[in-house]
Amino acid sequence: MHNLLRILGNPDNFPIIILLFTVYGFFIYAMKKAKRNDERGVPYEADETDKVQVWPYLVRIEFIAAIAVMAFVLAWSIAFDAPLEEPANPTLTPNPSKAPWYFLGLQEMLVYFDPWIAGVLLPGLIIIGLMAIPYIDINPKGNGYYTFKERKWAITIFSFGFLVLWVLLIFVGTFFRGPGWNFFWPWEEWDPHKVVAITNVDLTELFGIPTYNPDGTLNPIASILGGVVVIGYYAILMPIGWLWLKKKMPDFAEKFGLTRYVITSYLFLTMIALPIKMILRWTLNVKYVWVTPWFNV
Amino acid sequence: MLAQIKKKIKSSDIYKSIFRHGYEDTQRNRALMVVDNVFLHLHPVRVSRHAVNYGYTWGMGGISFLLFIILTITGVILMFYYRPAAEYAYEDMKYLMNDVPFGALIRNMHRWSAHLMVITVMLHMFRVFLTGSYKPPRQFNWVIGVILLLLTFLLSFTGYLLPWDQLAIWAVTVGTNMARATPFLGHQGPFGPELGMRPDNDIRFLLLGGTQVGPPALLRFYVLHCIFLPLVTAIFLAVHFWRVRKDGGISGPSPKKI
Chain A
1 MHNLLRILGN
11 PDNFPIIILL
21 FTVYGFFIYA
31 MKKAKRNDER
41 GVPYEADETD
51 KVQVWPYLVR
61 IEFIAAIAVM
71 AFVLAWSIAF
81 DAPLEEPANP
91 TLTPNPSKAP
101 WYFLGLQEML
111 VYFDPWIAGV
121 LLPGLIIIGL
131 MAIPYIDINP
141 KGNGYYTFKE
151 RKWAITIFSF
161 GFLVLWVLLI
171 FVGTFFRGPG
181 WNFFWPWEEW
191 DPHKVVAITN
201 VDLTELFGIP
211 TYNPDGTLNP
221 IASILGGVVV
231 IGYYAILMPI
241 GWLWLKKKMP
251 DFAEKFGLTR
261 YVITSYLFLT
271 MIALPIKMIL
281 RWTLNVKYVW
291 VTPWFNV
Chain B
298 MLAQIKKKIK
308 SSDIYKSIFR
318 HGYEDTQRNR
328 ALMVVDNVFL
338 HLHPVRVSRH
348 AVNYGYTWGM
358 GGISFLLFII
368 LTITGVILMF
378 YYRPAAEYAY
388 EDMKYLMNDV
398 PFGALIRNMH
408 RWSAHLMVIT
418 VMLHMFRVFL
428 TGSYKPPRQF
438 NWVIGVILLL
448 LTFLLSFTGY
458 LLPWDQLAIW
468 AVTVGTNMAR
478 ATPFLGHQGP
488 FGPELGMRPD
498 NDIRFLLLGG
508 TQVGPPALLR
518 FYVLHCIFLP
528 LVTAIFLAVH
538 FWRVRKDGGI
548 SGPSPKKI
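These protein sequence lines are chains A and B, in that order.
By the count of the working numbering, the first sequence reaches residue 297 at its end, each step adding exactly one.
By the count of the working numbering, the second sequence reaches residue 555 at its end, each step adding exactly one.
These are computed hints drawn from the structure, not numbers from a lab.
Think of the CB as a built atom: it goes at the ideal place given N, C-alpha and C, for glycine as much as any other residue.
Check the hints yourself; a few may be wrong.
Quick list of simulated restraints, FRET-style, between CB atoms [what the hints assert, rightly or not]:
no., chain 1, residue 1, chain 2, residue 2, range
1, B, L339, A, V262, 34 to 44 Å
2, A, T93, B, P490, 21 to 31 Å
3, A, A68, B, L339, 18 to 28 Å
Could you build all of it, start to finish, from the sequences and the hints given here?
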């Protein structure tokens with residue numbers, strides 16, 4: 001309990017509280033509007049296509065919003081001082097060392113993936129994937145109003161990525177990760193000497209194939225099998241999805257095109273790989289799926 | 298008497314050369330208020346009624362821009378009191394927090410506005426997604442928005458190091474350690490060692506100007522934070538706003554559909 005109060009009392013964590021309330025609050029609000037629009041058939045936004053003059057109808061709103069935001073920032077700044085800790089000391093590492101709060105989702109991914117995936121590949125794919133959204137979502141409906149019915153897939157996938165994989169992991173990284181980046185419940189005391197049994201095994205070891213030979217060299221069979229699993233994840237699921245799409249929605253598959261499908265399904269499967277690896281870790285203590293001399297997945 | 302002075306001022310050549318419009322409640326004058334003002338002419342003269350509805354836009358884009366302005370102003374003030382050298386940086390922070398009049402307030406505003414801006418930019422993006430506003434013809438403006446999101450993160454991250462306290466140096470150490478693992482370009486990344494990457498020549502070295510977060514990193518982050526990234530952000534903001542106008546203003550249901 002003591003730790004939770006300390007984390008909550010840290011003024012640098014106040015933004016995360018704001019983030020949680022605003023993100024989930026706005027999501028519920030938007031979905032209510034979407035439901036209202038969907039039930040009515042014609043979006044409410046369409047009722048108001050008549051024009052109003054910017055001066056004063058828009059300018060006054062901007063003015064009031066600006067005053068409100070500045071008053072809020074001023075009050076916040078008077079009430080809470082920005083923290084200033086001890087001077088920088090490269091020889092004294094704090095435990096835990098945490099990245100800025102908005103990167104804690106990425107730091108949390110380090111538990112499940114090596115740094116080259118969690119810190120480089122996945123952030124890069126997040127940026128590229130976000131930029132690709134307008135070009136892979138070819139659904140012309142739902143442009144300029146709240147709706148869920150007309151864009152079920154797009155909204156579900158994006159919201160899962162944003163609300164769960166991004167925001168929720170930030171929350172976990174802030175409030176549940178203590179010394180050694182170990183998991184602590186809020187009521188637990190942060191114990192820097194907490195002993196965590198190292199029980200993690202590689203996926204192939206679950207099937208009785210050791211990753212390393214007795215002399216310490218990499219077992220090529222384990223490495224090849226791991227590669228088959230990782231490459232097979234894409235090589236099998238991507239064609240299956242395409243065939244399913246062609247069978248169930250031939251018109252859509254035609255319009256969507258193979259190139260767009262390959263990019264979309266690659267981004268989607270990579271995103272889903274994160275929760276898959278998380279579940280593998282929680283249930284089977286899987287450390288690596290694929291071990292090679294150069295990199296591990 | 299007062300009315301006479303007021304009339305005299307208002308009809309003087311100087312006044313008329315500065316303020317071209319009164320507050321007459323006519324359509325024409327309202328339009329002129331917008332198009333004749335360098336700050337307001339970013340707006341169209343008229344917008345559709347739902348576009349001014351706070352429940353539709355959440356106002357997050359505008360608030361993000363306002364926070365960017367607050368951050369620019371408070372940032373310039375902070376620059377008067379801060380030297381980006383390892384032996385001075387922390388002392389200057391202490392001076393700022395304890396002795397400079399309103400120094401702590403300015404620093405707090407800079408810090409909290411920065412946190413808030415990260416949140417409002419993410420919320421703006423979420424709203425744009427949920428209303429499908431990235432759909433034609435606004436596809437490319439969404440891409441520019443993603444670049445602006447990235448720039449917001451980079452601005453916040455580079456600023457994180459400047460207080461030069463334990464929080465700053467270790468948060469940035471954790472963040473930049475990722476660069477070590479960059480495939481091909483980091484000395485711990487896949488195929489990095491094979492390509493001759495060492496701690497003193499890989500991409501992290503380029504970023505930090507050293508093998509650890511030290512004085513050269515402080516100077517690099519300072520220059521990036523105060524000059525390079527704000528300039529780039531301002532350019533992308535200009536393009537972003539310009540395209541909002543060119544693509545037909547705030548998104549809404551297409552009239553053809555209804």
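Structure-based check of all given hints:
The supplied range of 34 to 44 Å is met by L339 (chain B) and V262 (chain A), whose beta-carbon atoms lie about 40 Å from each other. Between T93 (chain A) and P490 (chain B) the beta carbons are some 25 Å apart, a value that agrees with the proposed interval 21 to 31 Å. In this structure the hint that A68 (chain A) and L339 (chain B) lie 18 to 28 Å apart at CB holds, the actual value being about 21 Å.
The structure fails none of the hints (numbered hints given earlier).
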